[in-house]
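Asks: One letter stands for each residue in the lines below.
2 protein chains.
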Amino acid sequence: MTQPDERPKKLAERLAPVLAQLQRQSVVETVTHRQQQNRSDLIENLVHRQQSAALVRELNKLNKADIGHLLNMLPADKRHTVWQELPNPVAAGVLLELNDSVAEDLIELTDETRLLAILESLDSDELTEIDDLIPNHVLRQAINALEANERHWVTQTIAYPEGTVGDNMSRDSLTVDEGCSIHEAIERVRSAPELPPQTDKLFVTNRHHQLVGIVPLIDLMRHPDHTLIRDCMDKDVVSFSPDDDAEDAGQAFERYDLISAPVVDEHRRLVGRLRVETIMDYLREVAENQALAKEGLKADTDLFGPILEGARERWPWLVINLFTAFLATRFISVFEGTIQQLVALATLMPIVASVGGNTGNQTAALVIRGLAMEQIQTGNLGYIYRKELTISLVNGILWGTLLGLAAWLLYNSMLLGMVMMAAVTLNLLLAALIGISVPILLDKLHKDPAMGSSVVLTFATDSMGFFLFLGLATLILV
Amino acid sequence: MTQPDERPKKLAERLAPVLAQLQRQSVVETVTHRQQQNRSDLIENLVHRQQSAALVRELNKLNKADIGHLLNMLPADKRHTVWQELPNPVAAGVLLELNDSVAEDLIELTDETRLLAILESLDSDELTEIDDLIPNHVLRQAINALEANERHWVTQTIAYPEGTVGDNMSRDSLTVDEGCSIHEAIERVRSAPELPPQTDKLFVTNRHHQLVGIVPLIDLMRHPDHTLIRDCMDKDVVSFSPDDDAEDAGQAFERYDLISAPVVDEHRRLVGRLRVETIMDYLREVAENQALAKEGLKADTDLFGPILEGARERWPWLVINLFTAFLATRFISVFEGTIQQLVALATLMPIVASVGGNTGNQTAALVIRGLAMEQIQTGNLGYIYRKELTISLVNGILWGTLLGLAAWLLYNSMLLGMVMMAAVTLNLLLAALIGISVPILLDKLHKDPAMGSSVVLTFATDSMGFFLFLGLATLILV
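Chains as they are written, first to last, in my numbering: chain A, 1 to 478; chain B, 1 to 478.
Incorrect hints may appear among the rest.
Reference listing, derived: stretches of chain A covered by chain B, where coverage requires no fewer than 3 residues with Cβ under 8 Å from a Cβ of chain B [said to hold, decoys possible]:
1) 186-194
2) 294-305
3) 411-420
Please keep in mind that the hints were generated in silico from the structure rather than gathered at the bench.
Here the structure is a predicted model, which is why all the values come from computation and not from measurement.
C-beta atoms are modelled at their ideal positions from N, C-alpha and C, and glycine is treated no differently.
Chain A with its partners taken away, still in its complex shape (with noise of 0.2 Å):
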């Protein structure tokens, strides 16, 4: 933090180059990571000064995507009063930029007058995308204030189960007859009062509506006027149907380069609009979300949320993990009596509980990413399973017999050295075994491959940990 005396000074420090940025009316923009985090500062810093002019000023000069990632990094409080200052149809474009906790959060504090104005800026296709976020009785009230057929097809698009196509697919598509020839393509292009977003291709449908190829823009260009779309047009096409999983779709995306592609009802008409843009959002999104359900997070966890509200965050798992800690200990105070005959066993249990935990992780983290990206099927899992029992058990064998040498070398027992040895090895295999199996089960349960295994496999690995170490040593020393 600044100190008061210094913040004058500073602040006009700081406010010469972020102006002069923000007022260079440069052609080439190059965005760079410092810029933002000038005009993050020069906001905050308005912010905080209660200077509402001023940060309307700013606002102004920043587009709805540039606010949203301000949005996304102030804390919760100087997050509230920039919101407040947004004018409506800003505020609509700001949200669809959002990060989904921020913007649940921003949802909560807008009263319902307020938040039905900022929907009513909002197209279908952007409706949808933030339906989710939204309190229901105000999402129908939005709805209800839309067009007829725009209302049809948001209804029947937010039915679609989060994670599908159906969810994740627009409404705006260009569309020509495959009777047309080459010039009436060029003036439908021409005359659409608006082009959706990312068109690259056109769709071309039959006479029953139905798709049957599409004419990328750039072959719009490329042909001879008077060609008929129906002899131009590509066949084979690559699209969706809304009930596909949408992650199997970025994989196509990627898999054929894909900017934007039809999805079609079971009769092959076609119902929406993917785009590389949504795809790569929902992509991303699950991706670093992954990280987060492996520690048992919520997706729309906020960094800069209500401290007691993460404090509740955190509950479940923790819950779990002090539970299944409390048990995995239940296994040492079986051996109690063990322990007081050599203490030494209690300051070694935990090595081999951690080293099990390590190697476990490791596998795990190596199988959420092949079932990310189909790498992993029924046909080939004998095959993993071999192979990371195999690597554990050279693994085990080798430096569980350095970790049983330090035992012996420390304690002078070269029987000890042994145990440890032995509870290493087995404990490594029993890391890869659950380390492959918990993500698998909960991929076949369709649920998140990552969700909580790292709180199941400490557990395993620990509760395993000191059983084989304890039970061991029990067996042979006393």
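Keeping the supplied structure of chain A fixed, place chain B upon it in accordance with the hints.
Replies: Relative to the frame of chain A, chain B by itself:
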């Protein structure tokens, strides 16, 4: 594995629907997971039965992206068989679609003559995509075989370090002079022998070959023929420098919904083009590797690679983990006397360590995501520390008390319960501190913020968990 006697029938059963699917020349083809799985089962079966002719026939039916996907999920030996069967030009296209680890494996076993023949089928853009994977002397030969201007570009491009825009840019782009008319620009598109992939706009240059604007392809159709490009171009261009960070560029692509963007040098001269496809691949790779990095695994770890290599890949962090686990337990050994007197401590101490590890990993996951989304900056770091520490304090007191009560009841000692509570609270505070500091520090050092964070955190929360709990117990109980 299928039993030998069952195999012929099983294969026939499997073949029927797959072949039907492969032969179906459907206009609308939905890419589904199941379809991929069937194909891969079929091909794996053919490899297994050494039916080379049938294998080649099946492979011919697939496009390069699909063959790449298949190779990614075949075990190493079967992968090699399929690779040997691919004609060189097909192999070249497939190579671009493979995961790095798989591509490296296949390149390694390809003899130099074939590898050079394969590389000859690649254009300069494609060559720079995989230059990291090719042995240096082969790469040099492949570059020398290029035409002079391509050779120059490739040599320049491969010099940019990994993770920069320069490393990810491609060479081809459609440019027009600002003095051209729309009609001339359309002629330019029409006459281009080959269009660069994902061309959604023309780059506009002045007579000094400097970038001055862009024209979306679609605008070519929507402006009158005689309009000058200069008068209708978009001057507000998002462009990048080859030295920019590719991840930052990725965020700009998402924020501004870009499909392609120009890359310019310090004199604003066009040096390349960045495509959404390349950026999407890059972002996905980064996200996927982060989960591995957290466990100390390298990005190119191959789930299907050779076993010994797999074992060796785990060594560096396994050794670090062994070492830190050993170090952590040294804290226990200091208190062996205390444990001897009160063996319950040995049972309870892993709980303190485990709860700390869980909380620390949760905090780290949130911070790593915050860094990836550029939500965390110097200005709000203080806020994050205060927030996470307060959450830890709240949760520590709450759940520490509960654990303390359990310990009190279990071992009938109120003092032991109080030690438990204090140790849990302190360890949670420490876990939050480390969970924030480790990723932030790694980020400041320009390392992957997730790298090995799991091992470092476990070490800190384990050793401090043991030290705090046993230390407090020694002070208060003994």
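Asks: All hints, please: hold or fail.
Replies: Comparing the hints with the structure gives:
no.	hint	result
1	186-194	holds (count 3)
2	294-305	holds (count 7)
3	411-420	violated (count 0)
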